[in-house]
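Let the hints inform the model, and build the full structure from the sequences given.
Listed here are the chains, written in short residue letters.
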Amino acid sequence: MKINNRFKKSLSMLIITIVVLFILNKVLDDYKLRVLNLCGIYIILGLSMNLINGFTGLFSLGHAGFMAIGAYTVAILTMPAPMKEMNFFMKPIVPFLANIEWSFFPALMMGGVMAGLFGFLIGAPVLRLTDDYLAIATLGFAEIIRVVFTNTQSITNGALGLKGIPASTNVWWSWGLALVTILFMTFLMEGSYGKAFNAIREDEIAARSMGINLFTHKVMSFTFGSFLAGVGGGLLAALLGTIDPNMFRIVLTFNILLIVVLGGLGSIKGSVVSAIIVTIAMEALRFLDESINLGFVKLEGVAGMRMVIFSIILMAVVIFRKEGLLKEN
Amino acid sequence: MLKIENMTMRFGGVVAANKFNADIEKGQIVGLIGPNGAGKTTIFNVITGVYRPTEGKIIFNPGEEEQDITGLRPDEIAKLGICRTFQNIRLFKELSVLDNVFIGNHLRIESNVFSSILKFPNYRKEEKMMLEKSLYLLEKVGLKDEKDGKAHSLPYGKQRRLEIARALATEPKLLLLDEPAAGMNPQETRELMEFIKDIKDEFELTIFLIEHHMEVVMGICEEILVLDHGSLIAQGDPESIQTDSNVIEAYLGVE
Numbered sequence: 001m002k003i004n005n006r007f008k009k010s011l012s013m014l015i016i017t018i019v020v021l022f023i024l025n026k027v028l029d030d031y032k033l034r035v036l037n038l039c040g041i042y043i044i045l046g047l048s049m050n051l052i053n054g055f056t057g058l059f060s061l062g063h064a065g066f067m068a069i070g071a072y073t074v075a076i077l078t079m080p081a082p083m084k085e086m087n088f089f090m091k092p093i094v095p096f097l098a099n100i101e102w103s104f105f106p107a108l109m110m111g112g113v114m115a116g117l118f119g120f121l122i123g124a125p126v127l128r129l130t131d132d133y134l135a136i137a138t139l140g141f142a143e144i145i146r147v148v149f150t151n152t153q154s155i156t157n158g159a160l161g162l163k164g165i166p167a168s169t170n171v172w173w174s175w176g177l178a179l180v181t182i183l184f185m186t187f188l189m190e191g192s193y194g195k196a197f198n199a200i201r202e203d204e205i206a207a208r209s210m211g212i213n214l215f216t217h218k219v220m221s222f223t224f225g226s227f228l229a230g231v232g233g234g235l236l237a238a239l240l241g242t243i244d245p246n247m248f249r250i251v252l253t254f255n256i257l258l259i260v261v262l263g264g265l266g267s268i269k270g271s272v273v274s275a276i277i278v279t280i281a282m283e284a285l286r287f288l289d290e291s292i293n294l295g296f297v298k299l300e301g302v303a304g305m306r307m308v309i310f311s312i313i314l315m316a317v318v319i320f321r322k323e324g325l326l327k328e329n
Numbered sequence: 330m331l332k333i334e335n336m337t338m339r340f341g342g343v344v345a346a347n348k349f350n351a352d353i354e355k356g357q358i359v360g361l362i363g364p365n366g367a368g369k370t371t372i373f374n375v376i377t378g379v380y381r382p383t384e385g386k387i388i389f390n391p392g393e394e395e396q397d398i399t400g401l402r403p404d405e406i407a408k409l410g411i412c413r414t415f416q417n418i419r420l421f422k423e424l425s426v427l428d429n430v431f432i433g434n435h436l437r438i439e440s441n442v443f444s445s446i447l448k449f450p451n452y453r454k455e456e457k458m459m460l461e462k463s464l465y466l467l468e469k470v471g472l473k474d475e476k477d478g479k480a481h482s483l484p485y486g487k488q489r490r491l492e493i494a495r496a497l498a499t500e501p502k503l504l505l506l507d508e509p510a511a512g513m514n515p516q517e518t519r520e521l522m523e524f525i526k527d528i529k530d531e532f533e534l535t536i537f538l539i540e541h542h543m544e545v546v547m548g549i550c551e552e553i554l555v556l557d558h559g560s561l562i563a564q565g566d567p568e569s570i571q572t573d574s575n576v577i578e579a580y581l582g583v584e
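Chains S and X, in that order, are what the protein sequence lines are. Each step along the first sequence adds one to the number in my numbering, with nothing skipped, and position 315 is 315. Positions in the second sequence are counted from 1; adding 329 to them yields my numbering.
These are computed hints drawn from the structure, not numbers from a lab. Glycine included, each C-beta is placed from N, C-alpha and C at the ideal position. Hints should not be assumed to be uniformly reliable.
Chain X is faced by these chain S residues, among others (derived, beta-carbon under 7 Å) [what the hints assert, rightly or not]: (1) Met-189; (2) Gly-191; (3) Glu-202; (4) Asp-203; (5) Arg-208; (6) Ser-209.
This is the structure:
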């Protein structure tokens, strides 16, 4: 009976979401649609980071690296051959990638799988570390990915980046996959494995004494998280149409961390709501970066002013409301 | 049930356990006592795999199916059927009382993570059994009414009982209790003694416990080991321990 009610509730939420998306898809202009798409993508990214950092308690800062892997995989797999030729004018692309042209969904899944694979491979040595050491190691990993992508000219086109990636991401892809991610996370965390992740976050010593294999569970959580980060990165690449290694700096990880912390570590609902709010606020506060004319005085715009505001909010949340702005009780 | 052979545990120059020997028989309640800092918890930590002993061996199920568990990981040891509680309670504080016990079941799960996400029938069936078992254990320790509260909101005595319920959920054969009566009043202590005897019979356990309350130790233990400065100084039934000159010396000093 209880499950039945929940099912009804979820179904009605789903229908409302679809209807709202349908209407928004019709009425919004290109710029606003892009923000809407970003919201969906940031929901996926926020949840994936929350799985690792919030639910399992692993302090990982490697998200930008996994996103880069997903983004480049999708870009290379979906770009048509002539477009690749145009991009790779400095040094031609390796032959076996030159003529590959996959459709969007398989490429996106491949992006996730590649990121997940790297998560798995990186996780094995790195997840033996704890806390700040893990953060440093994963941060290093993300930087390594960026530097490698800058230098593998014949695969990633190096610092020139890739332009003209087919713009396959639309509201249905971004929000559809966001909904799938929400379901995935809900079911995962309800189940025995999700609870074991929580147990690891709460007390590692007690968890392993209760027979939970810390290593396999941490790797599992990390791999799922990096898979989702790869999918998010792929969606982002196909939304923007242009990527280059410098997009995937630590700032990107920071933005997602912001979403996770504001929404509350270990809260699915929190991450979803905060992903939407933060994404919209990032756009809405754009005026702060430009010069403002108050009539009597003209303020010079400072690029990056938005991030100052967000950093202040983040600090305030960490000091006064550690459990996140949106987490109930 | 458990045999510890010549176990020595050194931390740098400190010898926390020195050539310790013990033989715990199946179905017994064995007590481990000794003054503060004698190395009691260290011995628990070695048995459960938190530390690897510097020397010596730990044998589980000595006899025909004996297993050398020296140096195994804590989770492997828990899977074999040795589970423990902690001196300074280690519950999953932010999780519900029910989830704490439920997680104790996780080590026996057979379905993989994907069937848990997709809620396949094999997982559902397992989950239902795990849930029923957890509720039964909560009823057993008298916490069924508080199952939805957070673990850290329980009063101290109940947290201790919840820890025992969580340990029982792992289906242990040997249960190690680290000061189960610490911080309990006389009434609670008496209840705890009954409770320990009761679960021992119901779940066919062997129990090894560290305790400072002499009432508990003398009341329920069939065999007592006395530790001082990492060495075993006496061993025997409660009566003989009470009159043992070494024990009196360790606790009270020499006249």
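TODO: Tell me, in ascending order, the numbers of any earlier hints that this structure violates.
DONE: Of the numbered hints given earlier, the structure breaks just one, which is hint 1.
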